[in-house]
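**Student:** Here are the chains, one letter per residue:
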Amino acid sequence: MAEPALRDTAMPAVDVRNLSLVYRSRDRAVNALSNVDLQVERGSFVSLIGPSGCGKSTLLRVLGDLLAPTSGTVLLDGRAPRAERLDRRIGFVFQDPALPEWRTILANVALPLELRGTPRADREAQARELIDLVGLTGFEGAYPRQLSGGMRQRAAIARALSTKPRLLLLDEPFGALDQITRDRLNLELMHIHEVTRVTVVLVTHSIREAVLLSDRIVVMTPRPGRISRILEDRLPRPRRLQTRDLPDYEDLVRLGNSALERGYAHV
Amino acid sequence: MVLRLVEEAGPPIVVLVVLIAFWEWACHAFGIKTYVLPAPSSILGAFIKGSNTLLYHAGITAFEAMAGFVIGSALGALIGTAFAYSRFLARGFLPYIIAANTIPVVAIAPIIIIWFGHGIGSKIAVTAFLSFFPLALNMMKGLQSYDRVVMDVFHIAAATPTQAFFKMRLPSALPYVFVGLKLNVTFSVIGAIVAEFVQADRGLGFVIMTSYRSMAMPRLWAAMLLSALMGIVFFLIVAALERVFVPWHASMDPGR
Ligand SMILES: Nc1ncnc2c1ncn2[C@@H]1O[C@H](COP(=O)(O)OP(=O)(O)O)[C@@H](O)[C@H]1O
Ligand SMILES: [Mg+2]
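From first to last, the protein sequence lines are chains A and B. Under numbering that gives the first Met the number 0, think of the first position of the first sequence as 0, with each following residue one higher. Under numbering that gives the first Met the number 0, think of the first position of the second sequence as 0, with each following residue one higher.
Worth flagging that the hints you see were computed from the coordinates, not collected in a lab. Errors might be hidden in some of the hints.
[Said to hold, decoys possible] These stretches of chain B come out as covered by chain A in the derived footprint (C-beta under 8 Å, 3 or more residues):
id : stretch
1  : 140-149
2  : 165-171
[What the hints assert, rightly or not] Taking beta-carbon pairs under 8 Å as the criterion, some of the chain B residues facing chain A (in silico):
id : residue
3  : V152
4  : I155
5  : A156
6  : P160
7  : Q162
8  : W247
Positions of the beta carbon are idealized from the N, C-alpha and C atoms, including for glycine.
Chain A extracted, bound-state conformation (with noise of 0.2 Å):
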């Protein structure tokens, strides 16, 4: 949990009240989401879970002012969506790592720094620090191609924190990844979230991956997508990979896992 004092004086990072979003083309329209409300603690790390299709990406999506909601409000720090985005302040990793073939790693994560207009020595100064923080230290010339599938999401996630975001937001950034690269960026994650503070708002298939992060598991059925659970996950910080052989861990991943059987049931 975050700091007491934070939590009771901060707005939220995010607030989400009554969100619809209908994706509308020529013969069909789908309910995506419907009247989802969620608030997250200012520093806190939220897990978004769910079968496929029940809308995950498409809330990150307007969190991240990617998508215009049909219906409802959304604020980030009391302000819209798209006023964090143009300053800047909100982070995005996807699945793919998204790294543009011909920038080496350091321009790669330097790129957000460069479009806001930072001088070269500046922006690649902070863009070492972050490739220092998420461990690829001595791949700043390498170009994507020549790293594997964990270091380029690495770079993705540099990249993200490169402007200093205050919410940062990651669609199934390890779905592609093998099990042990899925460990050690987990532990990164949780390095990475303890030094900067950042809020997270992760989207994951699994259960026991949210349940290692989170302070909270929002669980999320389809058709239409909306929340059907939240978990309160008040396990010792920091976590460490150890975390996973608690008692309390294994009880919360029975939990997540029989609140998400109750989601399928509605498929």
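Assemble chain B with the ligands onto chain A, guided by the hints.
**Tutor:** This is chain B with the ligands only, laid out in the frame that chain A set:
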């Protein structure tokens, strides 16, 4: 590096030497008439004898081809960019552009010559006409071929449309642009020579026509081979530029 050069250039050079030797031998052994197939030695003789004028005419054609290539490619790039950004323009104009592209260049060349006069300008115009389509189409396709997730990354980073164009869409389009440029550079030599066929008093096309009328076949062959050489050199220049500007492109990967 040197080793790779030898590896790549070796086989074609060996084949060339063997082919020329066989050709020379066959012309003499079977007594092939010069107007049917001149021996390499007589082509070389014609080239050496007329080298000054041949090179002058080659220079004219090279200039026409290059100028037409640059103008046509520039227009193609502009129009292709407009099409990539406007569905209306693309849908409105593309059918007609594709239709115009099917007109044989020999049919359109006389019209262009009437419009642009008997000088070098009309040859450049024919060449530009020919080397316009490939880049327009490839530019459009290239600018639309960017990675949608990378676009999301630019969006999240609040990139302006201009930044998105220069830092993402244009670099993504470069492999396509070079496909178009390689086609253009080959067409440009063809365009210049065809235009000279229709009407000209200089250039390799003019030399080929006049040599044909006077049955000076070795000279015709020399002019023909010069034009082929010109096309190859132009192509290699564009290919070298591609290696400089698109070093990341997969088809360039030496470890492929
Ligand atoms: N661009 C789109 N147009 C139409 N329907 C879409 C679009 N994107 C997603 N959907 C639909 O909206 C629903 C939610 O999708 P999504 O948010 O991607 O789910 P999730 O990320 O949980 O798998 C799905 O039924 C999906 O088919
Ligand atoms: Mg998704």
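**Student:** The structure should be examined with respect to each hint, and the outcome stated for every one.
**Tutor:** We went through each hint and held it up to the structure:
no. : hint    : result
1   : 140-149 : holds (count 3)
2   : 165-171 : holds (count 4)
3   : V152    : holds, 5 Å
4   : I155    : holds, 4 Å
5   : A156    : holds, 4 Å
6   : P160    : violated, 12 Å
7   : Q162    : holds, 6 Å
8   : W247    : holds, 5 Å
Violated hints amount to a single one, hint 6; each of the other numbered hints is respected by the structure.
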